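Read off the chains here:
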Amino acid sequence: MAHIKLLNEELPGIVGLLNYRPETAKPLLELAETLLRGPSTLTSGEREIIAASVSWWNNCHFCHTSHAAAAAAHLNCDLSLVDEIKKGLPNTNVSDKLRALLHIAHQVQRNGKEVTAEDVAYARELGATDQEIHDTVLIAAAFCMYNRYVDGLGTWAPQANEAYKEMGERMAFVGYGKHQPA
Amino acid sequence: MPHIDLPEEYPGIRSLFVYRPETAAPLCHLAQVLLHDPHPTLTAGERELIASYVSNLNTCKFCTATHSAIAKHQLGSDLSLVKHVLADPETAPISDKLRALLKIAAKVQTGGKNVLSEDIETARSEGATDIEIHDTVLIAAAFCMYNRYVDGLATWQPDTEAFYDKMGEQRAREGYKPSSINFTLTEELKKS
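For the protein sequence lines, the chains are A and B, in the order given.
Using this note's numbering, the first residue of the first sequence is number 2, and each one after it goes up by one.
Using this note's numbering, the first residue of the second sequence is number 1197, and each one after it goes up by one.
Honestly, the hints are just simulated from the structure, not real lab data.
Mixed in with the good hints, there may be bad ones.
Unchecked claim - In silico lysine-lysine, DSS-like type, Cα no more than 30 angstroms apart, as pairs:
#	chain 1	residue 1	chain 2	residue 2
1	B	Lys1373	A	Lys114
2	A	Lys179	A	Lys27
3	B	Lys1309	A	Lys6
Said to hold, decoys possible - Just so you have them, the derived chain A footprint on chain B, three or more residues with Cβ under 8 angstroms:
#	stretch
4	1267–1274
5	1333–1340
Keep in mind it's a predicted model, so treat the numbers as computed, not measured.
Idealized CB from N, CA, C, for every residue including glycine.
Could you build all of it, start to finish, from the sequences and the hints given here?
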């Protein structure tokens, strides 16, 4: 049970919190929509993989599984991607550029100051642009917020990967804040 | 030197707001709602103290100095109080409720799951309401974002206290509307 009395206790994870406080829900959803679905040279699938990986490192089951399911929906692959992300994508065909950006995201997850000039130079060598580096840092930072928000208020989350399939498809194809729960 | 090519005349998060206005809009909006807009019970000064306390735990110089200055201007120009809270909330002259909320914020900074039911119970027994607990958790979480954003791109963070004080006075008065943030204090920096 959540640490505070939510308006609808059936809504899992961040969904119950967004419903509880619409004033903060608005910018939180707009930020996710811009970062994960807005115009970018990174695909939405790549950006959702960054979001899901950071959430996994932060040990946030709800955000990890739901964003991994969104990545799977974008990439048109099955939910085995959820567990692949936990292992660092050993059997997934992703670009070296994305792997370098994931390394930067992992440094951000530890603390912003952990990102070194070498980490950035390496990503750039593999073709990453300034805006891709910027967005990677901000996605990683933003999930250090969303994850703490979801876990810090003790929200509940469905356990099984399959429970997130539909949610992931909605996040991928409808978007964030496009139809808020009543 | 910043990790990416940012406009040189702007420090800290402002250089990032100018660089990417699309993300600046929701980031400013969130800060406005959490820290500046009217709140049923928490004063803006109390909320800025939480922001500044978490930024200090994350060792983010720019955010700590900025939000300490804003808190100062909202709390009767008393910077020593702000510094006392950052150094040791246990002995700072603040309400027991705010002390309990700061404890929750510190837990959030180390990881959301570290917030325990007994932390919430303590805050509640000091009079904290659900919305105060919610906003404390979200302010602490949000500064785990802003701090990483500012440091993760190695933005320029001035050392002059006068700069932060001037910016803090303005933020305390005007809030976080993007229009009031997109200006430069380079002249003040040059003078100081």
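Under the criterion that the straight-line Cα-Cα distance not exceed 30 angstroms, is the pair lysine 179 of chain A, lysine 27 of chain A satisfied?
holds, 11 angstroms
With a C-beta cutoff of 8 angstroms, work out whether three or more residues of the stretch 1333–1340 of chain B approach chain A closely enough for the coverage to hold.
holds (count 6)
30 angstroms Cα cutoff - pair lysine 1309 of chain B, lysine 6 of chain A
holds, 18 angstroms
30 angstroms Cα cutoff - pair lysine 1373 of chain B, lysine 114 of chain A
holds, 27 angstroms
Quick check: do three or more residues in the stretch 1267–1274 of chain B have a beta carbon closer than 8 angstroms to a beta carbon of chain A?
violated (count 0)
In summary, the structure is inconsistent with hint 4 from the numbered list given earlier, while agreeing with all the others.
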